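> Under UniProt numbering, think of the first position of the sequence shown as 1, with each following residue one higher.
If you are wondering where the hints come from, they were derived from the structure by calculation, not from laboratory data. Just so we're clear, the structure is a prediction, and the values are computed from it rather than from any experiment. C-beta atoms are modelled at their ideal positions from N, C-alpha and C, and glycine is treated no differently. Hints are not guaranteed to be accurate.
[Unchecked claim] Quick list of simulated restraints, FRET-style, between CB atoms:
1. TRP164 x ASN244: 37 to 43 Å
2. GLU199 x GLN236: 18 to 24 Å
3. ASP191 x ARG11: 43 to 49 Å
4. GLU148 x PHE32: 15 to 21 Å
[To be verified] For lysine to aspartate or glutamate, the following EDC-like pairs were computed, each having C-alpha atoms within a straight-line distance of at most 16 Å:
5. LYS204 x GLU67
6. LYS147 x ASP110
7. LYS253 x ASP168
8. LYS46 x GLU192
9. LYS176 x GLU67
10. LYS253 x ASP203
11. LYS179 x ASP224
12. LYS64 x ASP116
13. LYS64 x GLU148
14. LYS253 x GLU215
15. LYS239 x ASP203
16. LYS46 x GLU225
17. LYS204 x GLU243
18. LYS46 x ASP221
19. LYS114 x GLU67
20. LYS147 x ASP168
21. LYS239 x ASP168
22. LYS179 x GLU243
23. LYS33 x ASP3
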Amino acid sequence: MLDLRTVTVMRYILPLREGGSLPALAEADDDFKYVLKFRGAGHGVKMLISELLGGKITEALGLKIPELVFVNLDVDFGRTEADEEIQDLLKFSEGLNLGLHYLSGSITYDPGVKVDPLLASKIVWLDAFITNIDRTFRNTNLLMWHKELWVIDNGASFYFHHSWQNFDAAAKTPFKYVKDHVLLPKAKMLDEADQFAHEVLNDKLFREIVNLIPEAWLHWDDADETPDEIREIYFQFLKTRLENSQIFVNEAKNARG
């Protein structure tokens, strides 16, 4: 399902002090809990865009990922927060943020646990495709929930958008960081994963996914492009990267060897 629901935060529960983005556990007006990613943190809206695009591509590939939702944060929400760092984060995150459904009782994936080779290959393919540098032995960003492997945290993807230049060349990079991927040793079916991805990903899907990016996330100080032009660049990146997937698939196969 490509559409995202929109919820409003009702209760800030606790910060999840992981990395520099300072996500939080929060409860929304639908009575569900979410891991909330803030536009006022670290890399700001670009991190949210990475989460959104990466998450919807993860879904399209049939991989398990918690439901993504747009999250409204009210202007007055952070004023009663005692921690000044968190208060500032909430103040700078007023408006539309992103949340992932909280998987209560889940545990961090242990790299020693056996994983189906095709599943491992699909996740390695995904991360090479979206250029996600952060699914390593040190920080797996994978959860086990109800005996299934779930993908979380795609915020370190699409790193080309931090320099915001030479998009075509960025789409054709081999992604050397794949050598550090936690599932690479188990990814014995990369060609099959590549074939599968080409069967399910296409221009129409990419267009629908980039059109999900909210207008409010596309007014950048470091870019001259309009919101529609920024969406078009993301679309062209995805289209070109898929057309040239053999470049990063070969890199992954060589890293395994």
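> Compare the structure with each hint and give your call.
Hints versus structure:
| no. | hint | in the structure |
| --- | --- | --- |
| 1 | TRP164 x ASN244: 37 to 43 Å | 20 Å, violated |
| 2 | GLU199 x GLN236: 18 to 24 Å | 21 Å, holds |
| 3 | ASP191 x ARG11: 43 to 49 Å | 47 Å, holds |
| 4 | GLU148 x PHE32: 15 to 21 Å | 19 Å, holds |
| 5 | LYS204 x GLU67 | 22 Å, violated |
| 6 | LYS147 x ASP110 | 12 Å, holds |
| 7 | LYS253 x ASP168 | 23 Å, violated |
| 8 | LYS46 x GLU192 | 31 Å, violated |
| 9 | LYS176 x GLU67 | 30 Å, violated |
| 10 | LYS253 x ASP203 | 26 Å, violated |
| 11 | LYS179 x ASP224 | 35 Å, violated |
| 12 | LYS64 x ASP116 | 14 Å, holds |
| 13 | LYS64 x GLU148 | 8 Å, holds |
| 14 | LYS253 x GLU215 | 39 Å, violated |
| 15 | LYS239 x ASP203 | 6 Å, holds |
| 16 | LYS46 x GLU225 | 15 Å, holds |
| 17 | LYS204 x GLU243 | 14 Å, holds |
| 18 | LYS46 x ASP221 | 12 Å, holds |
| 19 | LYS114 x GLU67 | 25 Å, violated |
| 20 | LYS147 x ASP168 | 40 Å, violated |
| 21 | LYS239 x ASP168 | 10 Å, holds |
| 22 | LYS179 x GLU243 | 22 Å, violated |
| 23 | LYS33 x ASP3 | 19 Å, violated |
Of the numbered hints stated above, those contradicted by the structure are hints 1, 5, 7, 8, 9, 10, 11, 14, 19, 20, 22, 23, listed in ascending order.
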